[in-house]
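Asker: Next come the chains, spelled out residue by residue.
Number of protein chains: 4
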Amino acid sequence: MEKVRILLAGLGRMGQSHAINLVNKIPQAEVIAVCSIVQDEIDWAKNVLGIKSLYKNFDQMVDEKKGEADALYLVTSTDQHARGIIKGLENGLHVFCEKPLGIDIKECLEVEQVSKKFPELNVTLGFVRRFDPSYKYAKELIDQGKIGKPFLVKSQTTDDDTTAPFQLKFAKTGGGAFLDMNIHDVDLARWFLGSEMEQATSYGGCYKHEGFGDFGDVDNAAALTRFDNGSMAFFLASRTAPHGHDTHTQILGTNGILRIGHNPRNNHVEILDPTGVRNECVKTFYERFEEAFLLEAIDFVDRIKDGKAPIVGIQDALMAQKGAIALTKSLKERKTVYVKDIKE
Amino acid sequence: MEKVRILLAGLGRMGQSHAINLVNKIPQAEVIAVCSIVQDEIDWAKNVLGIKSLYKNFDQMVDEKKGEADALYLVTSTDQHARGIIKGLENGLHVFCEKPLGIDIKECLEVEQVSKKFPELNVTLGFVRRFDPSYKYAKELIDQGKIGKPFLVKSQTTDDDTTAPFQLKFAKTGGGAFLDMNIHDVDLARWFLGSEMEQATSYGGCYKHEGFGDFGDVDNAAALTRFDNGSMAFFLASRTAPHGHDTHTQILGTNGILRIGHNPRNNHVEILDPTGVRNECVKTFYERFEEAFLLEAIDFVDRIKDGKAPIVGIQDALMAQKGAIALTKSLKERKTVYVKDIKE
Amino acid sequence: MEKVRILLAGLGRMGQSHAINLVNKIPQAEVIAVCSIVQDEIDWAKNVLGIKSLYKNFDQMVDEKKGEADALYLVTSTDQHARGIIKGLENGLHVFCEKPLGIDIKECLEVEQVSKKFPELNVTLGFVRRFDPSYKYAKELIDQGKIGKPFLVKSQTTDDDTTAPFQLKFAKTGGGAFLDMNIHDVDLARWFLGSEMEQATSYGGCYKHEGFGDFGDVDNAAALTRFDNGSMAFFLASRTAPHGHDTHTQILGTNGILRIGHNPRNNHVEILDPTGVRNECVKTFYERFEEAFLLEAIDFVDRIKDGKAPIVGIQDALMAQKGAIALTKSLKERKTVYVKDIKE
Amino acid sequence: MEKVRILLAGLGRMGQSHAINLVNKIPQAEVIAVCSIVQDEIDWAKNVLGIKSLYKNFDQMVDEKKGEADALYLVTSTDQHARGIIKGLENGLHVFCEKPLGIDIKECLEVEQVSKKFPELNVTLGFVRRFDPSYKYAKELIDQGKIGKPFLVKSQTTDDDTTAPFQLKFAKTGGGAFLDMNIHDVDLARWFLGSEMEQATSYGGCYKHEGFGDFGDVDNAAALTRFDNGSMAFFLASRTAPHGHDTHTQILGTNGILRIGHNPRNNHVEILDPTGVRNECVKTFYERFEEAFLLEAIDFVDRIKDGKAPIVGIQDALMAQKGAIALTKSLKERKTVYVKDIKE
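If you're matching them up, the sequences are chains R, G, P and E in order.
The C-terminal residue of the first sequence carries number 344 in the working numbering, and the numbering is unbroken.
The C-terminal residue of the second sequence carries number 344 in the working numbering, and the numbering is unbroken.
The C-terminal residue of the third sequence carries number 344 in the working numbering, and the numbering is unbroken.
The C-terminal residue of the fourth sequence carries number 344 in the working numbering, and the numbering is unbroken.
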């Protein structure tokens, strides 16, 4: 059986993780070329992964290699997502792109339009939590009716406080706490509730790290939202979690409640000492979702081989984007925002 | 040392619990008379507790017994709270009253006015969670600066689903889910955040038990609020908790997070069987807060003996009431409500 | 209904706790006299509890007050237990005595003989864990067949390491780690397994506090035992628990497993900070079993009033004593010991 | 860099898992030939893994392929372990062999003797728990002195009760509960305590599944052991765990305690329903140790490439074997057994 041949763009921290998975852990995948604007990263791909076809220019890579490739893997900066997807599609490539779909709604809608012209090509966005075994299991239990009708999702993404200086570096170019962090939670709420967000009210502030304020951002933000079937979702984005990276989600249904990851244990060890009984916590989202990133890549490759549509496509990405933008807009404008009004 | 002599009004389920505490478990207290409009309850007080002075009429009890009494204990229906407190104060009695202070703001403000005329008399409201050892301990840790500056409280009160038919009976005369249940959480948020609620946005619905809708009430409601120092609180009231009575609270601070009661264990037993590893849960708020109810009564009695002001007074009750009314109003009017606009 | 009139002997730490329960928390009990060889303790009983009849001599108290009393409460040092019980019985008093029954088997057997002459009098030993709601609940589940046939009990009593200097003071007159601590666990294993201990093999040592070795004692000891129905029990006594007083028990049955108290939480608070997610622990057995001590006293009083036999009588105390002595003997003699050989 | 070329023998359930890891997940490894006596398994290796060199006869494979191979992977039945290792060594191959080293001590000692002749060849036994991240982390904490001096290990291996019929099939040829299951725990106790087992006392029985008795085996067995530095270990082997595969270990040190895996969660999901708050459990050891099996194989390959000695060698395997045999002997002979007397 033929391997899925991949062009990978972006070799930063996440790009390298994706590259390692594709090269070393997925026999059905073959990375035939990579590109990065950073020479060290290109050297790394050459020396550590043994990749021979190396580019500094994204367009050049696609133009020269499209004939040998099946798919494009985009792990570039967010501002390059939309045009990267379009470039891939227009050159006949399936596309995997890290979330989010783009910066503003306008370019997201453009991607949506272009993608409609290539229905035979998969475009999937990196909503990695959908591939985490625990989140998948929760979804299965819900689909089996085990908790009755879900009516409230509470979901948070909180980064370890010690990583705040690192997050601050990205604050200038990022989309703010809600877009950077809670877009996953918005996607999950849509998935679990089977409904789209209708309106959002948000609050937040720089409670600890005032530096985020310099970029119009906050270190903590919370939102309450109503979905169009009348169900609700609560979101929290925090950059000050004292104990580690704590991403967790709760789904309340009429007959049962599911909690996913309510203690972000770093392993199976408990420590009993004069401070009490405790477990240490994972410090980064990658530690928490390492397995899911691999499963996500496997799923992408398998679906191309099997000719199946992706689990999370453009439409999902677009709605999650609109939701996250509504959260952000409510925070800034200090009023309730309707998702239907998010148009550009 | 003299005992604190008490008149107790109301002998329903909660009234009986309070009476048992005062009669059997607090040597410094003496219940000298009780009143109830239900003959069976009066018989119970006579036969089980051995109380000799029994009344069917509240005013008559106060008028005849005020000379022998130090304090009044009000466990009557909510619509009798305000006038009961006023009656007690005007007859020179310290007053303990179950929450809430009243039905509407107008009568609450009236109580506030009257109470100012009797600064030497204690009026305390039954915000029992403040007396729970775990909530007290959390407050101590916060006051010691152990979690830095608190900026977000998430607090919920959820009744066991099997008690919904019971709750439904009270729905007609109750104040709705937020006022009946979350008034405790509003008080706790004020206590932990050291700030007053400024604005609230709520959503909710009858997701399972449509009967609540007949009284303009819901079976689940959630709210996000902003406090006047910029901090936030999230509240959840639910009448459909599948596992038991689950009251819990989380306080996020800039340097630490506290979780209180995040698994409502009914005891210290864990059961390992084919369903997994599990613990059973408490089914009612009384099971959860039994110790706190006793400590609350002891505190009331001790403060009268020691001439000390109560921990939770009229002003606290008034602000919690305003907050809960704002939550309710936002739910009904489908818009953000400002607490400063809650005037009647 | 008449109150149960009690003579209480011994006003040390535990004696005071028992006295407070009987005086302040059990309306059906009345402490009519106390004795202690320590003047301060007598003063405490007089001033704090308001007891009027005060003795320094145990025999004198019993002789003078037996006519007015129904029962004797013994919280004296262990070497006074056996003769105290006999004195009480021979003067027509029901007896509650803290565990253990005595120091050596000989005096325990003597108590057993005397008690047979007074079948109408209750003698109950302070196996307080049987009154703990969690232990009771576990026993109920077992009796209902919920875990099938129990075949292995793992039970430990471990004191907080910081209390080791305090424990060391008692080491000279105590019976060693197994007798002082695991006698409770032996009793529980008998109760849960419905069988008597047949043989025991123990190991142990002074792993941290060598001072215990000066008295032929150890700071940690473990034992594996076989019961006469073929079931098993494992016991651990530790004086070096780093996190607090950790008494817990596990019962393995053919269809289910019960764990009681596997995390000795001090309250419902969880702390999330840079050390991870943790709960603090109770530091003393009294904190853990405070409620059980009260329930135990209530049960003692109620059974006298109702003319019912005690839950834990002489025979239970004798068998637990034999078991604990077998554990100790195996540790010292470095060989397996048969309980049937424990005769003196 | 050259790949480590591997001959793999045995393609049963475990053999297939090992084969998948080596072929698909470890780029530095290459399986150049496999053998199995089962045609279906050979077909599976050919069709699913694409292996071209396929054998039914182990000796033939080694004889024909030794020139192209670096290492031998033995996942055969236990009775073939010793001779397989010897065959590999004598043909110049590094050897990985699933535990245990053999059936009786005699053949284990023979392997030890042969291995001494080939000091340049690695022989490692599959003590997979040493590669589990949680067990490794615990060992690191201990080596850093975080819990002081370890003095007691409690360690259990318990299979899900529903797998008992499956286990029963292997009972005839297996070494009994202690050898089949607790040999891992014995190895861990040696590792954590830094000492060798000196004596053992065991009890056990067929409490639920009498069929094990037909082979002189039991369904549950417990042992208490003394190690030669005076420390202790408790072991439990159970084939009747009601909730799942529950392998866990506790290490008590003079300053801290570590618990590894005390709740065998199957994922990060908690379920709140009328049974309480629960998590489901892993059902098999493979689910629990899937990651460790991969890390173990990676370590084996890496050490060959790097010319490093294995973590767990013949000597470890021999001492664990002696310990497990001592446990078994004590159970059968109903007396304490000294490890120094285990000679054949």
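The reader is advised that the hints may include incorrect statements.
The list that follows gives simulated cross-link-like pairs (lysine-lysine, PhoX-like), each with its CA atoms no further than 25 Å apart [claimed, not checked]:
1) G:K308 / G:K66
2) G:K139 / G:K149
3) G:K25 / P:K146
4) P:K3 / G:K52
5) P:K146 / E:K52
6) E:K169 / E:K25
7) E:K52 / R:K305
8) P:K3 / G:K146
Selected chain P positions facing chain R (Cβ under 8 Å, derived; list incomplete) [stated by the list, open to error]:
9) T78
10) G148
11) K283
Worth flagging that the hints you see were computed from the coordinates, not collected in a lab.
These figures come from a predicted structure and were not determined experimentally.
We put the beta carbon where it would ideally sit given N, CA and C, even for glycine.
Asker: Determine for every hint whether it applies to the structure shown.
Answerer: Verification of the hints:
no. : hint            : in the structure
1   : G:K308 / G:K66  : 21 Å, holds
2   : G:K139 / G:K149 : 12 Å, holds
3   : G:K25 / P:K146  : 35 Å, violated
4   : P:K3 / G:K52    : 19 Å, holds
5   : P:K146 / E:K52  : 54 Å, violated
6   : E:K169 / E:K25  : 31 Å, violated
7   : E:K52 / R:K305  : 24 Å, holds
8   : P:K3 / G:K146   : 49 Å, violated
9   : T78             : 30 Å, violated
10  : G148            : 27 Å, violated
11  : K283            : 10 Å, violated
Hint violations for this structure: numbers 3, 5, 6, 8, 9, 10, 11, all remaining hints satisfied.
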